[in-house]
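Protein chains in written order, with numbering that gives the first Met the number 0: chain Z, 0 to 280; chain D, 0 to 277; chain A, 0 to 256.
Simulated from the structure, these hints should not be mistaken for laboratory data.
Glycine is no exception: its CB is placed at the ideal position from the N, C-alpha and C atoms.
Hints may contain errors.
Here's a subset of chain A near chain D, in silico, CB distances under 8 Å, partners left out [claimed, not checked]:
1) L154
2) F161
3) S165
4) L169
5) W253
Chain Z stretches covered by chain A per the calculated footprint, using a threshold of three residues with CB under 8 Å from any CB of chain A [as the list claims (entries may be wrong)]:
6) 63-73
7) 81-92
8) 169-175
9) 197-205
10) 214-220
11) 256-268
If you anchor each label on the Cβ, the simulated ranges turn out as follows [claimed, not checked]:
12) L176/Z / T53/A: 32 to 40 Å
13) I69/D / L107/Z: 56 to 64 Å
14) L206/A / A74/Z: 32 to 40 Å
15) I55/Z / S165/A: 22 to 30 Å
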Amino acid sequence: MQTIALTDQKTDRPPPRKPPGRVRRLWARMCTPEFYSPACFLLVFFIAWEIAGRRIDPLLFAPPSRVAEAFVDLAASGELVTATLTTLNALLAGFGLAVLIGLPFGVLLGQGSVFGRVLEPYINAVYATPRVVIVPLVIIWFGVDYSGRVFLVWLGSVIPVIINTAYGVRNARPDLLEVARSFQTPRHQLIRHVLLPGALPYIAAGLRIAAGRAVIGVLVAEIFLQNTGLGGVIQTNAAFFRTAPMLAAVMLVGLIGTLFISSVNVLEKRVAGWKTAGRAE
Amino acid sequence: MSKSAGPLDDAGIEIDGVGKTFRWRNKGVAEEVVALGKVDFTVRSNEFLAVIGPSGCGKTTLLRTVAGLIKPDRGEIRVGGRPVTGPGEDRAVVFQHFGLFPWKTVVDNVKFPLRMRGVPDKEAAATARANLKKVGLEGFERSYPHQLSGGMQQRVGLARALATDARILLMDEPFGAIDAQTREFMQEQLMKLWDENKKTVVFVTHDLDEAVSLADRILVLSRRPSRVRAVVDVDLPRPRWDYDVRSEPAFAEARRTIWEMLRSDLVEEEEGAGIHAI
Amino acid sequence: MRSERFSPRAALGRAAPHLAFAVVFFGAWELYGRSDDAQLPAVSAVATAMADMTADGSLPSALGSSMQLLVIGFLSAAVAGFVGGVLLGRYRPLDRTLMPFLSALYAVPTVALVPLVLVWLGFGLSGRVTVVFLSCYFPIMMNVYAGVRDTPPELIEVSRSFLVRSEFGLLRTVVIPAAVPFIMSGLRLGIGLGVVGMAVAEVYLRLGGIGALIAAYGATFRLDYLFAAIIPLPLLGLLLTKLFTLIERRADAWRAG
């Protein structure tokens with residue numbers, strides 16, 4: 000095979016000037032079915048939706064052109080930027096607090112005390128409670144404002160952080176603990192140098208779950224607690240059956256959620272790099 | 000020499016100019032590797048044939064084409080004179096990775112090929128039990144594969160192949176994943192079973208000692224794209240399990256002949272790799 | 000780990016810290032709940048409210064209609080998720096074409112879709128069922144997909160070597176049995192999320208089911224009744240998840256460990 004390729008180049012007309020490597024690679028990538036089959040599907044889907052949406056009811060089944068229009072309108076009026084910032088604010092604050100409180104609490108619970116075992120059913124019960132149903136309680140405890148929204152985000156994401164940190168600390172490698180103990184490592188140094196690094200991969204996985212739940216939490220808060228942010232855009236327009244701006248906001252929510260979770264993923268890869276090779280999950 | 004065999008009966012295999020090239024795309028770039036160049040060979044009925052060759056030479060590919068699991072690009076394989084178009088009742092495969100269904104019990108694993116042929120459940124169970132007894136696994140019928148050692152799992156694989164009553168047994172490095180002592184014991188068991196119940200066996204291995212101590216003839220393949228490099232007869236009396244085969248001069252002789260061939264291939268490959276690296 | 004024989008003394012010893020904590024926890028809650036400016040109802044008040052709602056039939060009937068919603072939504076998601084997962088996991092062109100979009104849709108929280116779904120499908124049972132369906136569908140489908148896609152190819156080869164020829168035969172003998180652990184964990188995740196979806200749909204619409212009860216008591220700030228209505232939900236979620244974990248264990252008896 001190789002020899003044939005060589006003679007081809009020699010005997011045929013001189014090879015055309017090579018296009019820059021990047022363009023060529025992009026072209027090669029686009030020629031794979033991994034690229035063109037979803038691309039074709041998307042095209043067909045959009046066209047079908049456009050036609051069907053216009054035929055049936057352009058208001059109710061907003062076709063892609065209307066959604067794009069709505070997106071531009073929302074962006075031009077500044078509403079989209081404001082809403083996005085509002086959403087991000089509560090999202091990041093709640094998530095940050097969840098990490099700050101969940102980590103130490105998880106380390107505490109993970110150290111094999113009776114305390115951890117006793118608390119577990121209560122934590123599970125809270126974890127299993129859908130957050131929509133505690134919205135009335137949140138109103139009483141925190142009001143409908145910013146603090147209420149942050150609380151809902153926090154509540155959803157703190158528990159996976161706690162559970163995973165505790166799990167990671169509890170499953171610290173006994174052989175390494177023994178090594179540390181043989182050097183008479185004090186308790187706080189043991190946590191810092193053995194328990195936490197060992198638990199890092201689990202903690203990172205917990206953060207990823209927490210990130211997903213934080214996004215859900217902020218939307219629950221914005222739809223059910225106080226109409227604001229991107230959830231508010233969805234909810235307000237739902238009252239008027241205006242699906243075009245709703246879809247625009249839903250897409251933005253999906254994008255923000257994906258970016259948020261994948262940034263946590265990047266963090267996970269960084270932090271837990273030493274373990275990725277042999278991980279089961 | 001190998002052509003001197005009489006007319007083929009049902010359990011002979013003719014490998015006629017068989018070649019196989021694997022092609023795939025890597026990030027849009029077509030790549031290929033020629034696994035089998037052009038293999039011509041005839042397996043005699045009821046012989047024990049070992050297939051050996053440098054690692055990655057396509058031994059397993061050859062076995063899988065005979066099994067009908069992959070289709071050759073060139074040439075044809077005939078079993079008992081009839082061309083192979085896919086897996087058939089006349090052949091049974093013993094896999095290197097044992098190939099047991101982890102969700103089935105031992106007896107259900109052995110029953111599997113029979114059930115797939117429409118044998119009624121009761122009859123299949125009786126046959127399965129009889130064959131498990133043959134390989135010494137009585138009492139483990141209701142165990143799951145993960146509860147057994149590697150050697151025991153492969154005995155289940157062997158029992159399953161025997162239960163089909165196929166005239167041809169295709170064994171793909173069957174003892175490759177088993178520890179050395181168990182392997183020797185398994186080889187002895189296989190010899191006994193084969194003496195009791197003659198079948199054509201094609202036994203792929205990378206273990207030179209294993210090939211020589213088990214086989215009537217050894218087919219040596221060259222490195223990729225593989226062809227028949229040589230056929231070596233092993234002149235050791237049978238039954239082979241009741242004396243120390245390895246201390247016989249004929250054993251050492253055959254071993255040395257094959258090792259010289261494999262060694263020269265390895266050396267060439269090393270040198271080839273060296274040139275490419277520079 | 001756990002010893003097979005049941006010993007009452009050892010069981011009591013294990014339960015003692017739990018009991019002690021429960022007494023302290025609920026005792027403190029009760030005391031706090033009885034104080035004047037309490038923002039939590041006393042435990043006794045919640046219990047009374049629950050008894051009350053059970054006696055007048057409002058809680059059982061709400062639970063009944065919620066369960067109906069959950070069962071229809073979950074079962075349809077289980078069937079659709081199974082079929083979708085098998086098709087996507089087994090047929091590469093379909094996988095390539097649709098998976099990017101399905102993953103994108105999976106990334107959108109279901110809550111964000113609720114208003115849209117209800118606007119499109121109306122406030123009747125079909126809209127609510129669709130919300131539950133969407134909540135359970137993705138975890139089930141994605142798990143079936145992963146299980147089917149990662150079927151060990153060597154086992155497929157074993158099956159083929161023993162004369163299984165049809166695609167259906169391969170699905171039945173290898174692909175689906177090998178995916179059972181994944182299917183089961185998909186169902187377990189799905190039922191948990193289904194309870195959440197059910198609550199979201201009902202609270203959003205404020206009509207019918209336990210969600211409507213919660214929304215109504217929440218709007219009037221009747222905390223004892225609110226708590227009494229909320230508590231069955233996590234219990235239901237935990238119970239169903241536990242149930243599916245047990246089924247999962249049985250189905251996985253063949254697995255090591």
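Going through the hints against the structure:
| no. | hint | verdict |
| --- | --- | --- |
| 1 | L154 | holds (6 Å) |
| 2 | F161 | holds (4 Å) |
| 3 | S165 | violated (11 Å) |
| 4 | L169 | violated (11 Å) |
| 5 | W253 | holds (4 Å) |
| 6 | 63-73 | violated (count 0) |
| 7 | 81-92 | violated (count 0) |
| 8 | 169-175 | violated (count 0) |
| 9 | 197-205 | violated (count 0) |
| 10 | 214-220 | holds (count 4) |
| 11 | 256-268 | holds (count 3) |
| 12 | L176/Z / T53/A: 32 to 40 Å | violated (51 Å) |
| 13 | I69/D / L107/Z: 56 to 64 Å | holds (58 Å) |
| 14 | L206/A / A74/Z: 32 to 40 Å | holds (36 Å) |
| 15 | I55/Z / S165/A: 22 to 30 Å | violated (41 Å) |
When each numbered hint is compared with the structure, violations occur for hints 3, 4, 6, 7, 8, 9, 12, 15.
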